[in-house]
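There are 2 protein chains.
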Amino acid sequence: MTQAPSLDRLSLNQITTDRWSLQEAVDGCVRAEIPWISVWRHKIAEVGLKESKRIIADSGLHVSSICRGGMFPAATASEREERIDDNRRAIEEAAELGTDVLVLVCGPAPDRDIAGARQMVADGIEQLIPFAESHGVKLGIEPLHPMYAADRSVINTLQQANDMAEVYEAHQVGVVVDVFHVWWDPYVYQEIQRASGHILGFHVSDWIVPVPDLFKGRGMMGDGVIELRKLRNAVEAAGYQGPIEVEIINQAIWDQPGDDVLALMKERYKEHV
Amino acid sequence: MTQAPSLDRLSLNQITTDRWSLQEAVDGCVRAEIPWISVWRHKIAEVGLKESKRIIADSGLHVSSICRGGMFPAATASEREERIDDNRRAIEEAAELGTDVLVLVCGPAPDRDIAGARQMVADGIEQLIPFAESHGVKLGIEPLHPMYAADRSVINTLQQANDMAEVYEAHQVGVVVDVFHVWWDPYVYQEIQRASGHILGFHVSDWIVPVPDLFKGRGMMGDGVIELRKLRNAVEAAGYQGPIEVEIINQAIWDQPGDDVLALMKERYKEHV
Chain R
1 MTQAPSLDRL SLNQITTDRW SLQEAVDGCV RAEIPWISVW RHKIAEVGLK ESKRIIADSG
61 LHVSSICRGG MFPAATASER EERIDDNRRA IEEAAELGTD VLVLVCGPAP DRDIAGARQM
121 VADGIEQLIP FAESHGVKLG IEPLHPMYAA DRSVINTLQQ ANDMAEVYEA HQVGVVVDVF
181 HVWWDPYVYQ EIQRASGHIL GFHVSDWIVP VPDLFKGRGM MGDGVIELRK LRNAVEAAGY
241 QGPIEVEIIN QAIWDQPGDD VLALMKERYK EHV
Chain E
1 MTQAPSLDRL SLNQITTDRW SLQEAVDGCV RAEIPWISVW RHKIAEVGLK ESKRIIADSG
61 LHVSSICRGG MFPAATASER EERIDDNRRA IEEAAELGTD VLVLVCGPAP DRDIAGARQM
121 VADGIEQLIP FAESHGVKLG IEPLHPMYAA DRSVINTLQQ ANDMAEVYEA HQVGVVVDVF
181 HVWWDPYVYQ EIQRASGHIL GFHVSDWIVP VPDLFKGRGM MGDGVIELRK LRNAVEAAGY
241 QGPIEVEIIN QAIWDQPGDD VLALMKERYK EHV
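Quick mapping for you: the protein sequence lines, in order, are chains R and E.
Going by our numbering, the first sequence runs without a break in its numbering and finishes at 273.
Going by our numbering, the second sequence runs without a break in its numbering and finishes at 273.
Excised from the complex, chain R in its bound form (with noise of 0.2 angstroms):
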């Protein structure tokens, strides 16, 4: 029987305490012994680079990765640059975080051309690597649930990703694993193993029925369907050892205290991850 995972990989994503500003999430790590923490751009924003890097290094915290990059699709070639250099924000930004990962949600169509916006987001990621390679940061392409295909992001299997992370070398190009967005796929296991080496990171929640919000219907984990530990066995089998971020998109989780819920993600993690 598969243990549970040590308490050392565990982060916090900080969508999950989406009512804490990035210095109370971080206090709430620490109150809570987590030791990572994933962090979102638009908390940063709050607080400015400088002062989110004084937190972090004040805290002792390890960070796990940035979200959020991506978004590649656009109407117009000069919407597209504007995105690109956005995506050089960011990858500053894990840069001066201290982390290695930048998490693609790699973007929407602008229009029905769902192949042309593929090809938008390949494009994207081939003009940012020069730049993501010179700061140590590698792109962690990120397939979303095919429920998102419409608004969030046309990269929606891990097979796709994997036909788009492998041409590059794993410290440029390399895929995240969201048991949300990947469970449902009969070939999972098999891009799993695929992946190998390529694996950037490994985010739990779960999949409640029915599921209460298109957006903000994840669940804690073993509220839901998804077999958290077979897959953990999977991405561990296929080489990644890193940070298990827990990212959870609920209102009825943000709605209570950050601390209650950290203590629940601290137990549902060892009894289901």
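Just to be clear, a hint being listed does not mean it is correct.
As the list claims (entries may be wrong) - Residues from chain R shown here face chain E by an in silico Cβ test under 10 angstroms; the list is partial:
1. Ile155
2. Trp184
3. Glu236
4. Ala238
Claimed, not checked - According to the in silico footprint, chain E covers these stretches of chain R (three or more CB under 8 angstroms from chain E):
5. 124-132
6. 140-150
7. 185-196
8. 218-232
FYI, nobody ran anything at the bench for these hints, they're computed from the structure.
The C-beta atom is built at its ideal place from N, Cα and C for all residues, glycine as well.
For this one, chain R is given, so just place chain E on it according to the hints.
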């Protein structure tokens, strides 16, 4: 530039006018000069099979398919056997109403074991084939959108449906391509090509943004982002020239007068499909 499809191929999938009885839906199709109808089993049950057969025969309509068989996974062997029995009734109904296609919505897992449930689907289809074959009815595996993996079907991509169908003869098992379920798939065009000779149905609607409801959220053709004509061209290039079912599950459309819905769907079919 590709032409609109012939109205000779247009079929009303009865769920689109869910408030109508079978008689009302048949009458509506006759008034609107829609030559095909896809009949749902709960509508057959309302009046009985004999009366349903008379209603169809008197109208001169053709039946494009029966919705639905499937729902194979269950917790116990006896429950699974009951599901098979129910599928046998569905096959008899298809044969009686003069269609050779039974659409399979394969069913969710009874627990967290999604791979086990997928095996139960494969076993169920295998078991059903001789009975279906003896009735001249083909089993159409319809992959459902991955957002339904937990509560409606563990068959979620065309690749997966093709993997299951291709071990059988085309007169035994095939796939049903519903644009709402597969439009997002980066491999959908290669899988449609691969399904050549095995395509038993083509269903249209649209993916509207934002999706108003996880289940009752399908849009009228043209109101969303799906590349309908491109997908129709692909299924035709793969040899499918059969009926095109309009299948829209949407509360706002159900609340409109059925004749208005049929008029609009004819227009949109010509313009967008």
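Hint by hint, here is what the structure shows:
{"no.": "1", "hint": "Ile155", "in the structure": "8 angstroms, holds"}
{"no.": "2", "hint": "Trp184", "in the structure": "4 angstroms, holds"}
{"no.": "3", "hint": "Glu236", "in the structure": "19 angstroms, violated"}
{"no.": "4", "hint": "Ala238", "in the structure": "18 angstroms, violated"}
{"no.": "5", "hint": "124-132", "in the structure": "violated (count 0)"}
{"no.": "6", "hint": "140-150", "in the structure": "holds (count 5)"}
{"no.": "7", "hint": "185-196", "in the structure": "holds (count 3)"}
{"no.": "8", "hint": "218-232", "in the structure": "holds (count 4)"}
Consistency with the previously given hints fails for numbers 3, 4, 5, ordered from lowest to highest.
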